[in-house]
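S.K.: Residues per chain, in single letters:
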Amino acid sequence: MANSTTTADPAPPGNLRWQKNRLAIAPWLFVAPALIFFSIYVIIPIFQSIALSFYEWNGLYDGEGQSTAKWVGLDNYRKLLFDDERFYISLKNNVIWLVLYMLAVPLGLAIALFLNQTVTGIRFYKSMFFFPFVISQVVVGLIYGWFYNPDYGVVGSLWKWAFCEETINIMGNVTTKCSTKPPDILGDEDWATYGIIFAGLWPQVAYCMILYLTGLNNVSPEQIEAGRLDGAKGWKMLRHIILPQLAPATFLAIVVTVIGALRSFDMIAIMTRGGPFGSSNVLAYYMYETAISEYGDRYGYGSAIATVLFLIMLVYISYFLWRMYRDEKDNS
Amino acid sequence: MFPTPIEKTSGGLRLAYKLALPIALFLWLLPLLAIFMTSIRPAVDINSGNMFGWPSAFNLVENYVAVFTQSEALTYFWNSVKVTIPTVIISVSLACLAGYGLAIYNFKFALPLFFLFIAGNFVPFQILMVPVRDLSVKTGLYDTVTGLVLFHSAFQTGFCTLFMRNFIRALPYELIESARIEGVKEWRIFWHLVLPLVRPAVAALSVLIFTFIWNDFFWATVLTQGEASKPITAGIRALNGQFVSQWHLVSAASLMAAIPPVLMFFAMQKHFIAGLTLGATKG
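So the protein lines, in turn, are chains U and B. Here the working numbering is used: the first residue of the first sequence is 1, the next is one more, and so on. Here the working numbering is used: the first residue of the second sequence is 1, the next is one more, and so on.
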């Protein structure tokens with residue numbers, strides 16, 4: 001690095017110790033406000049939740065302001081792992097989310113390649129394709145909830161158009177006859193999760209697309225030229241010359257997609273509330289449902305679910321931190 | 001450039017590409033267009049099943065006004081503003097300070113502290129839910145706008161610090177070094193030298209945090225209950241219950257909730273994308 005070539009310190013020696021002390025205290029003064037705030041609301045609660053997962057508690061306090069929590073040891077985990085079908089349904093759905101959500105990465109790359117041109121108006125197209133990411137997931141959930149609606153939605157309308165016949169009798173009453181009933185995607189135990197994931201992919205693909213567009217912008221033109229001279233074209237060019245240079249974008253796309261998949265909550269809350277019969281539940285929503293929805297105030301049991309989800313996420317967090325640590329060491 | 005620029009290809013392909021663009025965009029935004037069309041239909045269309053055809057009348061103004069007059073939407077909207085703006089200011093300010101502290105000084109804890117902020121930023125919300133809610137209840141901040149602001153500010157500080165620290169780290173270190181040699185105090189270096197240089201990062205973070213917080217649904221549900229403090233995302237869900245099968249009103253309300261972040265995105269597009277894609281170009 002360039003800064004290793006600084007000249008000898010011209011400050012007088014008496015000043016040096018003071019300067020050293022000042023340099024030792026200063027970083028703490030700068031970091032302290034953020035650190036204290038972050039600890040109160042993020043770091044400490046993580047440990048409190050883990051501790052709480054060994055208790056049974058309904059969130060109440062007795063007359064003296066003491067918590068009414070009761071120590072139950074590993075009981076919550078025992079119930080969770082050996083006696084809770086809903087937990088396994090949620091876990092299975094989390095896996096489905098993780099796998100299918102990954103489609104956002106190649107789909108985002110495909111759209112980015114499609115849009116990486118310089119024709120007039122392309123900037124407009126790029127921002128419009130990115131549009132779904134800016135909208136709240138609540139709104140996306142509502143849009144698709146209506147989209148899938150068998151009576152009022154787009155799916156229902158298309159179905160009527162394709163499979164139904166309208167007849168008007170002598171009295172002028174309209175009757176509709178359909179050869180098959182329109183599918184109620186979100187009301188079907190087998191399809192609800194896939195319906196929600198499909199909706200979730202919409203903004204996620206947009207996110208991955210923008211990551212790849214930025215990556216493509218920075219692909220070295222010399223290497224592409226060199227590749228062309230070597231006769232690389234199309235798929236070969238993409239695989240051997242472009243993709244390696246897009247590795248940082250791919251890494252980031254995978255990280256945000258994994259986190260997005262494990263955090264999926266909003267759309268489930270809006271579209272199905274985990275139903276029908278818990279079939280579209282995921283750990284994030286199941287935890288919420290257990291702890292503070294109308295189904296009960298099982299704070300301890302909810303915390304146990306949260307701890308499991310946290311441990312799953314911790315695998316990814318550790319990997320991400322390890323990569324950052326490696327890069328830091330390379331840079332210094 | 002990859003793929004091959006379309007200008008260099010045959011005329012037929014060029015034409016096909018230019019035709020494909022609007023068609024692809026139409027299909028991509030079809031759900032959004034469909035809900036927009038619904039939001040300007042009169043109720044009679046919804047009841048008669050005319051969801052896809054031409055609206056029998058254009059009720060753009062009526063429907064959107066109805067959302068505001070028949071519900072608490074205006075309160076929700078204002079609550080979102082009151083939550084979002086202070087959160088952006090607090091979290092970005094704290095992150096400027098912390099990012100500077102972690103980027104400029106090579107003290108032993110610089111890297112561990114930095115990693116603490118990153119790790120905290122990625123945890124699932126559920127692991128924080130019960131203690132944060134309990135803390136808010138105990139301090140009287142449950143179901144208040146202040147309670148939401150404090151939590152969001154603290155949580156977003158993690159992401160902002162990650163961003164700021166890397167941004168400041170990339171600044172030329174000699175600048176700070178030479179200021180120190182001249183005897184400029186640390187605080188003044190931060191204020192007069194570094195802060196003006198991180199303006200692009202402040203802009204990028206501000207639009208990002210604005211969008212994240214405006215769109216937050218989870219904490220809005222966990223930390224609020226009544227109408228007085230509910231932000232628009234949680235409010236929309238309440239409206240959805242209130243306007244059962246009045247899809248024209250539900251869609252109008254949903255689109256309205258999406259407007260501020262969309263405006264923000266189009267106004268500050270460059271900064272927004274710069275913020276999101278930080279790290280997409282270098283390892």
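It is worth saying that the hints were derived from the structure and are not from the lab. Any given hint could be a false lead.
[Said to hold, decoys possible] Listed next, the in silico PhoX-like pairs over lysine-lysine satisfying Cα-Cα at most 25 Å (straight line):
| hint | chain 1 | residue 1 | chain 2 | residue 2 |
| --- | --- | --- | --- | --- |
| 1 | U | Lys20 | B | Lys108 |
| 2 | U | Lys126 | B | Lys8 |
| 3 | B | Lys185 | U | Lys20 |
| 4 | B | Lys108 | B | Lys8 |
On a predicted model such as this, the values are computed, not experimentally measured, just so you know.
S.K.: Evaluate each hint against the coordinates.
M.R.: Hints, one by one, checked against the model:
The straight-line distance between the Cα atoms of Lys20/U and Lys108/B is roughly 14 Å, inside the 25 Å bound, and the hint therefore holds. Taking the CA atoms of Lys126/U and Lys8/B, the gap is near 21 Å; set against the 25 Å cutoff, the hint holds. With a C-alpha separation of about 12 Å, the suggested pairing of Lys185/B with Lys20/U holds against the 25 Å cut-off. Simply put, Lys108/B and Lys8/B have alpha-carbon atoms about 55 Å apart, too far for the 25 Å limit, and the pair is violated.
Of the numbered hints stated above, the single one contradicted by the structure is hint 4.
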